[in-house]
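S.K.: One letter stands for each residue in the lines below.
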Amino acid sequence: MSALQPSDLDRPALARGRSAAADTDLKSVSAALRRAEFGDRLRSLALAAPLLVLLALSFGIPIVLLLSRAVYDPTIAEALPKTTAALADWNGQGQPGDAALAALAADLSDNQAKGTAYELAKSINARLPGARSQVLKTVRKLENAGGQPPLDIMKSVPFWTAPGTWPAIASGTHRLTSFYLLSALDLRWNADGGIERVPPEQAIFLQVFMRTFFVAAAVTLATLLLGFPLAYLISSVPKGLAAILIVAVLLPFWTSILVRTAAWTVLLQKFGLVNDLLLWLGVGSDRLDLMYSRMGLIIAMTHIQLPFTLLPIYSVMRTIQPSQMKAAYSLGARPFTAFRRVYLPQVFPGVMAGCLLTFILCLGYYITPALIGGASDQLISNFIANYVNVELNWEMAAALSFILLVFTLALFGIFARILGFDRLKLV
Amino acid sequence: MSAGQAALSASPALAPSPGFVEFNEVEKSYDGRTFAVTRMNLTVARGEFLTLLGPSGSGKTTTLNMLAGFERPTHGTITLEGQAVDRLPPYQRNIGMVFQNYALFPHMSVADNVGFPLSVRQMSKADIAARVGRALDMVRLKQFSDRRPTQLSGGQQQRVALARALVFEPRLVLMDEPLGALDKKLREHMQLEIKQIHTMLGVTIVYVTHDQSEALTMSDRVAVFNNGAIAQLGSPDDLYNTPQSSLVASFIGENNTLEGVVDRVSGQECRVRLNGGGEITALAIGVAQGSACHVAVRPERLSLSASANGGNSLPATVDGRIYLGDHLRLLARLANDQVLTVKVGPEATMANGETVTVSCAPNDCRAFPADAGTGGAIPKQGK
Chain D
244 MSALQPSDLD
254 RPALARGRSA
264 AADTDLKSVS
274 AALRRAEFGD
284 RLRSLALAAP
294 LLVLLALSFG
304 IPIVLLLSRA
314 VYDPTIAEAL
324 PKTTAALADW
334 NGQGQPGDAA
344 LAALAADLSD
354 NQAKGTAYEL
364 AKSINARLPG
374 ARSQVLKTVR
384 KLENAGGQPP
394 LDIMKSVPFW
404 TAPGTWPAIA
414 SGTHRLTSFY
424 LLSALDLRWN
434 ADGGIERVPP
444 EQAIFLQVFM
454 RTFFVAAAVT
464 LATLLLGFPL
474 AYLISSVPKG
484 LAAILIVAVL
494 LPFWTSILVR
504 TAAWTVLLQK
514 FGLVNDLLLW
524 LGVGSDRLDL
534 MYSRMGLIIA
544 MTHIQLPFTL
554 LPIYSVMRTI
564 QPSQMKAAYS
574 LGARPFTAFR
584 RVYLPQVFPG
594 VMAGCLLTFI
604 LCLGYYITPA
614 LIGGASDQLI
624 SNFIANYVNV
634 ELNWEMAAAL
644 SFILLVFTLA
654 LFGIFARILG
664 FDRLKLV
Chain Z
390 MSAGQAALSA
400 SPALAPSPGF
410 VEFNEVEKSY
420 DGRTFAVTRM
430 NLTVARGEFL
440 TLLGPSGSGK
450 TTTLNMLAGF
460 ERPTHGTITL
470 EGQAVDRLPP
480 YQRNIGMVFQ
490 NYALFPHMSV
500 ADNVGFPLSV
510 RQMSKADIAA
520 RVGRALDMVR
530 LKQFSDRRPT
540 QLSGGQQQRV
550 ALARALVFEP
560 RLVLMDEPLG
570 ALDKKLREHM
580 QLEIKQIHTM
590 LGVTIVYVTH
600 DQSEALTMSD
610 RVAVFNNGAI
620 AQLGSPDDLY
630 NTPQSSLVAS
640 FIGENNTLEG
650 VVDRVSGQEC
660 RVRLNGGGEI
670 TALAIGVAQG
680 SACHVAVRPE
690 RLSLSASANG
700 GNSLPATVDG
710 RIYLGDHLRL
720 LARLANDQVL
730 TVKVGPEATM
740 ANGETVTVSC
750 APNDCRAFPA
760 DAGTGGAIPK
770 QGK
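Protein chains in written order, with this note's numbering: chain D, 244 to 670; chain Z, 390 to 772.
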């Protein structure tokens, strides 16, 4: 076998040991082998090609384009071409001078003429909170100038000479920007060119990320605690009963996530079934606020995620032969020792895979927190959706998505590092 | 400690050597109606190699599992060294077990697998290493101690399982068809290896198999199982030469079976009128006059000659010859079209179609009652 490895054949030392005829033979064999394998590879690639093209067009390219908006934002540079030129050699210290003010006035008038002044005001506002009204006010003043020089009008608005205004505009004229990514982590550039935390009253995203990770971790833990014993039960009962149990587990899985979430809103209401039951059992004296609460959110998400955690664990448990535990007992291991040293290490890859799957899916939950969670239970996906659909600030949405993606990939990398990709049994 | 055990240790010389393992009226039922094991009485002596032999579903594995502690008898008691073990969980019985599928722990190295029973007994690391080394030496796998079980061949894996079951010096080792997954050549080699280890260590082994040649090769005694009960218990040559039922006769080794009716019984012998013509004299094994019977005779106990020469003789024609190197196997067709297998020396000259006489001594023919049938079945008893 190894004699046919091309790398061996290419080594002259080896070739010298053989007769010239044998050498030629082997060379032609390896060439034929390579030709045959090339054809096979081409065929398998051709079979996969339609899917690859579809994935690239519908998945890969849109994601790259959207994520690139987190760092590439030409809106201000394109809306303010004259200002961009005037600020090209400003050192960022103090005020940029009258030339820049005049250029900005001209750009603002141009935008008003093109009808894009409102868009521009919004773009600047995204970087400089409160700028929208100032920009629109200035635009109106410029329009109704009545012979007053534009430069005077600009100077009459204190906003344009306030500290902090021009650094923000100057950073906006760069097409490549780190502004959104920093904002997504509650960071910003300070006047000295360093990175600082935003003031606490503006900080929001780190807290949302923490909340998202907390909820995901809590749901993962809950599904593991519920799913592990159930998976063990299913793997140890006779086949017929196991099939029924599997269907019972999968039944909610086959229902739309929207329907399941709606069902939970019915159950969890203040005057819903769960509260009725708790009251009837005498567990609490008062009705609980399960709806619009973190607790209710975790309950509903746990229900939806249970099959995702359970199935990988079950699929691994199924492969462990009963004789493994019998052997451990006969060798003197008590049930707990046998479980810890023989059973658990073997199901561990399945447990990790199930938890990883649930954790990552939880990071992207959107409908359930929107419907069941309260105002303080909105996860990062709800913010991303808000930026995409309501605020129309796709740059911010892209930045948040990017940070989420990086966190998720890092997590996946850590898992894979602990386990090795080949041991991660997802199915 | 039980009273019996205390009495034993007080006066070992006076006590009659009791069974090392004793099954006393043991029954096992899974559904309350049918019995996997019925009224089992079985004694295993210390240091013995006892094989439970039988077709699948005959109760041999259930018997082994009850001894190991994986299943509890529904009736009766099992004692081990005089101590009742029925309520003892498997991990307190100190019994080593080898499984058909090896049951090695795939996430542990070979050395950790073998060291597992020692580490759960909280032995020191140095002791474990020394004992694991010796055990792996015994099965000649020392150089593989760092490998994973999946990197070994089937035979090597079973040797690791063997080392693991022996390393903690259990008082008893159970083997549940341990060679079933190996090919023929390797199986025969492993049979000798297990036998050698048994002789060397003097450990008591209870071995389950459905392969009769394996049972004959390895065992001191063999218990032939059928329908949840022991059909016959004895040494390999007992079972081969003096089977007590038609089932044992046909299950152990090769046999020709002739059907007939008992004409008369005189002492140990009986005269049998064969179905389809001819009469022979055979040893009577529980047959009654006038009843249908099966006469079993081994192929090597039959001989062929040109003419009758005393004893039992039946006319036949040679219907085929199979050359097997050390011997020749001739197929002899009787008048009633039944074909007997005859084992003769390779120098025999009989040709196909030749008319011959098949003969054998009455002592080599054993007549069993036919009503017990080929199954020799012990009927299952409900309660």
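These are calculated hints, taken from the structure and not from any lab test.
Hints may contain errors.
27 Å max Cα-Cα, derived DSS-like pairs, lysine-lysine [stated by the list, open to error]:
no., chain 1, residue 1, chain 2, residue 2
1, D, Lys569, Z, Lys514
2, D, Lys569, Z, Lys584
3, Z, Lys584, Z, Lys574
4, D, Lys380, D, Lys365
5, Z, Lys531, Z, Lys514
6, D, Lys398, D, Lys357
7, Z, Lys584, Z, Lys531
8, D, Lys569, Z, Lys531
9, D, Lys325, D, Lys384
Bear in mind that the values here come from a model prediction, so they are computed numbers and not experimental data.
S.K.: Please go over all the hints and tell whether each is borne out by the structure.
M.R.: Here is what the structure says about each hint:
Under the criterion of a C-alpha separation no larger than 27 Å, the hint pairing Lys569 (chain D) with Lys514 (chain Z) is consistent with the structure, at around 25 Å. The suggested pairing of Lys569 (chain D) with Lys584 (chain Z) holds, with an alpha-carbon distance near 24 Å, which does not exceed 27 Å. With a C-alpha separation of about 16 Å, the suggested pairing of Lys584 (chain Z) with Lys574 (chain Z) holds against the 27 Å cut-off. As the CA atoms of Lys380 (chain D) and Lys365 (chain D) are separated by approximately 13 Å, the hinted pair is consistent with the 27 Å bound.
Using a Cα cut-off of 27 Å, the hinted pair Lys531 (chain Z) and Lys514 (chain Z) holds, with the two alpha carbons roughly 17 Å apart. Note on Lys398 (chain D) and Lys357 (chain D): the hinted pairing holds, with a Cα-Cα distance of about 24 Å set against a maximum of 27 Å. Between the alpha carbons of Lys584 (chain Z) and Lys531 (chain Z) the distance comes to roughly 20 Å, so the proposed pair stays at or under 27 Å and holds. Distance hint between Lys569 (chain D) and Lys531 (chain Z) is fulfilled; the C-alpha atoms sit about 26 Å from each other, no more than 27 Å.
Taking the CA atoms of Lys325 (chain D) and Lys384 (chain D), the gap is about 19 Å. The hint holds against a cut of 27 Å.
Comparing the model with each numbered hint stated earlier shows that all of them hold.
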